[in-house]
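Participant: As a plain string of letters, each chain reads:
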Amino acid sequence: MAREPHDYDDIPGTFVFDAEKSRQGYGINMFCMSLMKDANRREFKADEAAYLKKFPLSPQQTQAILERDYNRMLELGGNIYFTAKLGATDGHSFRHLAAVMTGSTQEDYAAMMLAGGRSVEGNRSKSGKAKPAKGVKATAKVAAKTAAKPKPKSKPVSKARSKRG
Amino acid sequence: VARIIAGVASSHVPAIGAAIDNKQTEEPYWQRVFSGFEKSKEWMANAKPDVAIVVYNDHASAFSVEIVPTFALGCAAEFPPADEGWGPRPVPVVQGHPELAAHIAQSVILDEFDLTIVNKMEVDHGLTVPMNLLFGSPKEWPCPVIPLAVNVVLYPPPTAHRCYMLGKAIRKAVESYPQDLRVVIFGTGGMSHQISGPRAGLINSKFDKAFLDNLTKDPKKLTRIQHLEFMREAGCEGIEMVMWLIMRGALDDDIEEVYRFYTVPASNTAVGHIILENRRAAKGKKPAARKKPAAVKKSATGKKPAAAKTKRAAARANHQNVRRGKR
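Taken in sequence, the protein lines are chains A and B.
When you line the first sequence up against the numbering used here, it's residues 10 to 174, in that order.
When you line the second sequence up against the numbering used here, it's residues 134 to 460, in that order.
It is worth saying that the hints were derived from the structure and are not from the lab.
In this text, a Cβ means the ideal position worked out from N, Cα and C, and glycines have one as well.
Don't take every hint at face value.
As a list, the in silico DSSO-like pairs of lysine-lysine whose alpha-carbon atoms are at most 27 angstroms apart [what the hints assert, rightly or not]:
hint	chain 1	residue 1	chain 2	residue 2
1	B	K272	B	K305
2	B	K301	B	K272
3	A	K135	B	K301
4	A	K138	B	K354
5	A	K135	B	K156
6	A	K46	B	K172
7	B	K174	B	K156
8	B	K305	B	K354
9	A	K138	B	K156
10	B	K353	A	K46
11	B	K174	A	K138
12	A	K46	B	K354
13	B	K172	B	K272
14	B	K342	B	K172
15	B	K354	B	K272
Where chain A lies over chain B, by a calculated footprint (3+ residues, C-beta under 8 angstroms) [to be verified]:
hint	stretch
16	147–153
17	190–200
18	297–311
19	372–380
20	386–392
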């Protein structure tokens with residue numbers, strides 16, 4: 010059955026871990042969870058493919074794990090807080106994994122974060138329909154600033170994405 | 134009775150914990166973050182709470198995908214630090230307050246919030262990092278802690294409004310506990326950040342600052358933020374900010390913002406921090422101290438009526454506040 014559409018499917022570059030994903034990715038996440046124990050981390054490192062056979066994983070999921078394809082793991086139902094345990098087993102931090110998932114080098118990603126992070130401008134919506142959110146306007150000052158900017162805030166995602174390389 | 138004297142919100146970025154554990158706090162990158170909490174530690178040392186309720190989320194440490202409770206209240210006597218893949222953090226075991234926790238569970242569930250009660254649980258950086266930021270790195274934590282783990286990992290988390298109302302129910306529970314306890318409630322997580330997928334690294338300072346402003350002045354406005362808006366504006370994982378509203382709901386409507394700090398980045402995340410005091414906690418003390426001598430003079434029997442008078446005044450103020458909170 011095709012996946013039910015959701016409002017958050019419109020957010021670019023984002024995999025929302027919902028109940029359906031959780032069911033799909035149960036094996037990935039339970040495998041990652043097992044890596045919280047040092048003995049399991051060592052067993053996995055000794056023979057990765059053999060260790061993965063203990064978990065209910067599709068061939069695609071197994072491949073994504075072996076190749077450390079973090080976006081693919083999320084696409085197939087993994088969740089970042091779980092897959093980060095695989096990252097930790099490899100000695101990588103959350104920031105390292107984030108850089109990998111954005112396709113940046115570690116240096117470029119760190120520089121982007123130091124410069125204030127990825128802007129929300131152009132990254133709100135795939136459809137380009139999303140307007141700046143109402144809840145954001147706290148004070149008159151902020152509201153005025155928001156209103157002063159041109160209305161169509163969201164650029165087509167293809168453009169926004171190409172910047173990320 | 135027990136009273137909530139203040140609320141504290143703070144990000145709980147794991148890299149902050151790693152910087153503490155690896156003794157990197159003096160490095161310029163981390164100094165920028167830690168310097169923002171120096172005043173907070175002083176404030177906390179003066180506040181000397183008897184109990185801290187820490188609203189946080191578990192990051193696949195105590196709860197895997199086998200069981201995902203929306204609200205899980207830690208009722209155990211202690212909560213050891215979890216191994217998050219790097220070995221457990223070298224922080225003290227968190228001591229619980231099982232009596233108050235049980236009281237809260239009973240009161241809040243009968244108030245129609247269906248909490249999960251947890252009698253055995255390890256706690257991860259989501260809880261221990263804010264503890265470090267506010268209490269430093271002592272050999273033992275200075276007060277017992279009641280952890281309240283909120284699911285923000287598996288979509289959908291509880292709504293902002295639901296969280297705010299739970300905060301109100303927690304306050305009611307605390308204030309019906311007979312023992313005199315000064316309670317501080319923590320809301321943790323946030324602020325804007327996304328750590329997953331190609332959009333990782335998203336930061337929205339405008340959203341964050343507005344959120345901080347409204348947290349103080351108009352929290353009801355924040356309760357209307359939908360999940361889609363949190364994720365779109367503040368990043369997929371920025372949705373953690375709903376937890377701050379549990380803290381806010383547990384405070385008076387009209388509070389005093391005593392401190393605020395905001396910096397970008399710590400690792401992938403915008404770090405936000407705020408301390409909000411219930412005015413009655415601040416005010417209630419001083420007038421009582423001033424009035425006491427006058428009351429003693431007037432009363433022929435001395436101390437007893439004076440004490441009773443103060444108690445009645447406190448109860449009245451308390452009652453008013455509860456009513457105000459409900460409006």
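Participant: Which hint numbers doesn't this structure obey?
Facilitator: 1, 2, 3, 5, 6, 9, 10, 11, 12, 15, 18, 19 and 20
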